[in-house]
Structure formats: structure tokens, C-alpha cells
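Q: First to last, the sequence lines map onto chains R and Y.
Take the first sequence: its letter number 374 is residue 374 in our numbering, and every next letter is one higher.
Take the second sequence: its letter number 11 is residue 11 in our numbering, and every next letter is one higher.
These aren't lab readings, by the way, just hints derived from the structure by calculation.
Certain hints may be false.
Repeated chains share a single entry, so a pair holds when one copy, or any two copies, can fit it.
What the hints assert, rightly or not - In silico lysine-lysine, DSBU-like type, Cα no more than 35 Å apart, as pairs:
id, residue 1, residue 2
1, K221, K301
2, K398, K278
3, K91, K358
4, K91, K110
5, K272, K191
6, K25, K110
7, K358, K25
8, K91, K301
9, K24, K110
Protein chains: 2
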Amino acid sequence: MSLIVQKYGGSSVGNVTRIKRVAKKIVAKKREGNQLVVVVSAMADTTDDLVSLAEEITQRPSERELDMLLATGEQVSVSLLAMAIHQEGEKAVSFTGPQVGIITDPFHTKARILDINTDRIREVLRRGNIVIVAGFQGKTEGGEITTFGRGGSDLTAVALAKALQAKVCEIYTDVDGIYTADPRICPSARKLDQVSYDEILELASMGAQVMHSRSIEVGKKFNVPIVVKHSVRNGKGTLITKENRKMEEVVVSGVALNQNEAKVTIFKVPDKPGVAAKIFKRIADAHINVDMIIQNKTETKSTDISFTVAKSALHRSLDVVRKAAREVGAQHVSCDQNIAKVSVVGVGMRSHSGVASKMFGALAKNRINIEMISTSEIKISCVVGGNRGKAAVRAIHKEFGLGK
Amino acid sequence: MSLIVQKYGGSSVGNVTRIKRVAKKIVAKKREGNQLVVVVSAMADTTDDLVSLAEEITQRPSERELDMLLATGEQVSVSLLAMAIHQEGEKAVSFTGPQVGIITDPFHTKARILDINTDRIREVLRRGNIVIVAGFQGKTEGGEITTFGRGGSDLTAVALAKALQAKVCEIYTDVDGIYTADPRICPSARKLDQVSYDEILELASMGAQVMHSRSIEVGKKFNVPIVVKHSVRNGKGTLITKENRKMEEVVVSGVALNQNEAKVTIFKVPDKPGVAAKIFKRIADAHINVDMIIQNKTETKSTDISFTVAKSALHRSLDVVRKAAREVGAQHVSCDQNIAKVSVVGVGMRSHSGVASKMFGALAKNRINIEMISTSEIKISCVVGGNRGKAAVRAIHKEFGLGK
């Protein structure tokens, strides 16, 4: 008998009809002879509705009270799902995160899991129940309710799979799995049967939002096999696992596009030690996340520095950067919101040369100008003009032969 | 510094505007130099909406899962109220029933409070906070979430007032207090400044639904002073307390009307020992609550037995009673849904004679026929024709001089 952890997102349990459908799926899996622990998110829109209520009361709700409020969303869906499973004739017991012993640090709205006591779950499983656990939440040692922030239910699922030594953690979502590129942009995109934690981390950080990076990091750290599957359609999905030899034969696993960033350039920054440090400390102090940073010294006395930030943080960034630029004696600051970042990812890159030149060649052939380049061990990213992003994805996807 | 427990019902926190209004009221009370523990119900309609969701899934939801589901309603309102108090510039911390140490028996949907550990509340109060507690809920020793059934938030408030030895338990509602009669029926009805636990228990059981009997019973048992007040309008409300000499000077405190009962009569029941017992055992086994029972033997060999039940239980009762009547050899069973029960209540009755004859006289003067009579130490109830109930209330109210 295998122990399987499943996770269903908010749209999979978005209404009573969907909850009933998910219940049937869970019961079928149980009757194949598995033990099941099922993690559930709040019903679609519930969390947003609760946040709106809080914002009607105050623009800056207490994070502790926000956690009290938001944790109710998952508690509603787990109890309804348990009832729907009973209706299908199987035994099921629902639990909140705090009830099931998910212990976190005390940082409300962004808590991290410290420990999971699995005694209660194991006891209830032993008595033949399907266990339903509210995702996204836990409690501190002192009994305060905490939530995990974005992607929190995935985190609950992966952490439970680790704690229970589950055979696999199945993440049910509204896509069939991980693709070589976004099929809406690149019709020839192919579903991957397998992908490594590192690759999916790079893809996730670049806009391929199937799973939040935090959960994948936990999966990687504890080597939890994760399968991403469609919650309605049948199919094998994509297995996220550690690298294996077979993966390395594939040079590039996927192409990702991120159109949510803007570029900021500081011109004629005096070329003295500590200047860049001063600028980026200002930015960090303002809690702005910077993605790519490029400095290219072309003159003797000064240099231009460019970086990218989320478009939503652009205005805040410009205020900070203009002040910092004046302090260090730079000439002026400009920005460009019309950019796109295209990235290729693949663990095979480590042992294969020529990936960068092949990527640049594909862009050149299609007369797509490269504005910035940044590389990591298993990723190469290029910033191109905003209106050329999709064409760049298609050109690169084709060049590396990733299609069906 | 006095410790006060307040309770606000679902309509008092029915939307964001009302929550803000309640927050201001609480903050004002705190700034008068009081320590405050505030019990809150779910926002109006929330509980009904959750029950509907459950019923869309199954007609017979598991009571454990129903408790998981319903407990979220109060958790939402306590967190929102805490935020609204913060917005008013005071410190507040919200808790669920389980968090705050309200320990119950394991009977889901109708749990009884076994114990309250007040350590957490006292600690948080000591640090200058207003404490907000979700009404209607607790947990078992094993950590299962339980709810208390109807009137559950009042019960939380009264039990907390007892456990914390509060100066008073204030129940905020949509009426100004307890009246000598329903003002909608009897325009001259007067608000009572004070009433005894026993009187309000009799009034509550007869349809004057200001508070559920369970909470009053707990208040009586532990002598908790309870004040019923309007949640918006200012006023002293009505103090519910143990009897005192002053009360006894008042013979009758109020007149109540219950139009939700029906009368069942079993004709020509053989007059043998054990026959009534057999019939009412059948009814009890079917979990049907009987209110008044009248047996009046007029013939030698048989007797007629009448009793009243809630109209909602009438059909179920008739099935059971018809079967029982055949078993004991009674002649036939009839029912009458068109009845009203009028009652006068007052601790002063104990020491004053003539209350019954005065009541019957008032009815006779108004040509209202009495169908059934039942008395307790501090109450006299008469069943009259359904269309005469309101006139009966007005006649009795006037006869006893209860008006303004």
C-alpha cells in the first residue's frame, strides 16, 4: 500500500460541482489500494474576497489578524471535501493546519514550516480514512495561526509528503504538466515527462508559474518526487525529480518568457569602488527585488549600470534610484517598460558548449536585438524589445528542436 | 479596573459598517477604564450560507465536518473586529474558541462546555489588549473543533464571564432589553430594568427569544449578572440577576406569546396504570419534545390526553402517536394547529394568590376561550384559539397593569 499526497488548488475546488468531481477522483485513487493525504486550497476567489473585507476595514491590517481571517478559507474547503467523500462512501477526516501539527515560525503571512508532527495523520490513516488537510496554514509553538503566503498550499503538500515519506506528491492544477514553452505562445510546445528541481526553479523564477519556487526548493532539499498533473483530464503529467543521466542528454528543457519586468539604467556612474554597493543598498533597504544587473564599463571615468525590476515596483524603484544617483554623482536615470526577458533552461548546458551562441544566433536570424544578457549554470536569459518577446520564444524553441 | 464580557450577535457585525460601529463602542468602553473580553457571532447569514453549501454536497453532512465548516464564520468576524479596533487606535487580539482554551465534550453540533482555561486571555488582557473571542465554538480534549448549537455565542459569553469572574456579561442585541410583552403585539409594553433568571427562563421557553435558555441556565447556576442591551442605541438595558426583595413586590413581570405550537389530542385512552407512560415513551424515543401535557379524566373507563408540540414536529408526532394509540387501545387522535399559548411569568406569584383567577378573568372579559391550562411555580400558561393570541396578551398585560 502506497502513501500518496495530493494537492488540489482553488480552481479545482471552486464550487460544489468541482468539489464533488475531486471527491470522486480521490475515492478512485483510494480504491486502487492507496493511502491518501489530500491538501486543499481555499475555494477560488475566497482568499481575495476575505482580503477585500479586511481592506474595507483598514488599509494596513494586522498580519496576525489577516492570518486568522485567511486561514478560514481552507477550513471551509477541507470540510466540504470531506463531506463529498463521505457521500461517495469512503471515510474521510479533515484537519486545519494547526490541528494536524504543522508548526511554523512566528512570521505571520509568510511563515516557514519548522516541524510537522505526523502522529495524528498516521493514526487517522491507520483507521482507513482519507486525510484532508487545509493548505497554506500552520501554527506557532504558542498556538498562533500562521499562513505561508503565495504558493502556500503547494508547500503544505510537499512538506507533508516529506514528513510522511510519501511515495509521491501529486500537484493537481489546470495544466497538463510542464511544457518546453508556453503553448499559448508557442503552439509546437511539448509537455515534458520529467524535469529537474533546478530546471523548474529557473523556469518558475522566470514566469512559468506552475508551482511556486518555495515548494520546489523544499522538494529538492528532501528529494520529494513531485508530479504536476491536470485536475480533470487524465494524463501522466510531469515528474519533477533530481537530475538523472537521461536528463543530461537533453541540452535544453524549456524556454520561458517574462514580460513583467522593466529596465532601469543609471548613466555615467563615477567609476569608483563602492558606488554600485551604495546604489543597490538603497534599493534593498526599500525592499525592492532586483533581477538582472548589468554593468559594462566603456569609458575610463564612468560606467552605465542597468537592472531589471518587476513593473509593479518600477515607480518606487525610480524614486529610490534617482536619489541614490544624485548622491553618487551619476548623470541621469532612465527606464524602459517595453522589454521582455527570454530564457533557456537545461541541466544539460553544464556539459554542452555552444548553447549561448545557438540562442543568440536564433535571435539574430530573426532580427531580434539583444539588450541585456545574463547567465547562470543552467540558464541563459536575454532581454529583448517588449514586442519581440513571443517571436524570440518561438525562434529559440525551434532552434533547439524542442517541438513535438 | 473592571473586567466586562460583551457579546455582539450576527446582525450587530453583519457588514463592515456595523463592525466599525461596534469597534468604536468597544473602544469607548475600554477608555472608560475597563478590561474587555468581547464575544462575537458569525456575520449575519454566514452560518446559513455555510449550511447551504454543505447541503448542496450532502443531505446528511457529518456533524464533525459541519463543526469544522461552521466554526469559520466566527473566526472571520473576530479577525475583522480586531482589525477595526486597531483602526480606532486600541490594541486587540482575536482568538478562536479552541485557541482560547474552551474545552467541550465530544458531541459535535451540540457540545457542552466542560472547562475554560483563562491563562491565555488573562495574559493578553494584562498587556493592555481588548480580547476578541469567537463565540459558539470550542475544542475537545483531543483537539477536535466543536460547536454549541443555537444560542452558542451567548453561552460562550456567559461561560467566559463566569470563568473570568467578570463584573457583568453584556449581551448586545437588536432590542433595548426585556419587555413586559412583545411591543409589536402590545404597544404599551414596558422595558423591565431587572428580571430574574427564572423569569427569563420561563419567558425564553415561551417564545420571548432574546436569549437562549442554555446561557441563562449557566448564568443562573454561577450567578453571572447578565445585561441585555441594544447594540446601537444607548440605554441601560435589562439586568438579569437572581431574585431580590424588590422583584418580589412585582407580582407579574411579563406576558409571552407562543404561536409555534400545535395541540394533539388522543381520545378515549383506557384508564389503566402505565398507559400514559407507554405513549410518552414512544414520543420521547422519537426525539420529539413535548411542552404542555393535560389529562382530564371525565369518564370512568377512559380519559382524553392532550399535549402540545412544536408545529415543525407535528407530522412526525402524529405518526408516532397514532401507532401508540392503537397499541394502547385508544379511540382516535386529532390535532389542532390553530392554537396560541399565552403565559404570565413572575417570581412574585409565589407569595401572591389570585394571579390565575385574574388572568382567567381578563380572558373571560374579552370572550377568549381557554382550551388548556398549565402552571408552574412562577408561570401560568393558557392555550387559546390561534387567532385570539394577540388579543389575549393585550388583555392580560392591561389587567396586570404592566404598561408604561
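Q: So, for every hint listed, does it hold in this structure?
A: Hints, verified against the model:
1. K221 <-> K301: neither (45 Å within a copy, 87 Å between copies)
2. K398 <-> K278: neither (42 Å within a copy, 86 Å between copies)
3. K91 <-> K358: neither (56 Å within a copy, 61 Å between copies)
4. K91 <-> K110: Close inside one copy (33 Å) and across copies (22 Å); limit 35 Å.
5. K272 <-> K191: neither (49 Å within a copy, 83 Å between copies)
6. K25 <-> K110: both (31 Å within a copy, 33 Å between copies)
7. K358 <-> K25: So K358 and K25 fail the 35 Å test inside a copy (44 Å) and across (70 Å) alike.
8. K91 <-> K301: Neither, since 74 Å and 56 Å both go past 35 Å.
9. K24 <-> K110: both (33 Å within a copy, 30 Å between copies)
Going down the numbered hints, you'll see the structure goes against 1, 2, 3, 5, 7, 8, while the others check out.
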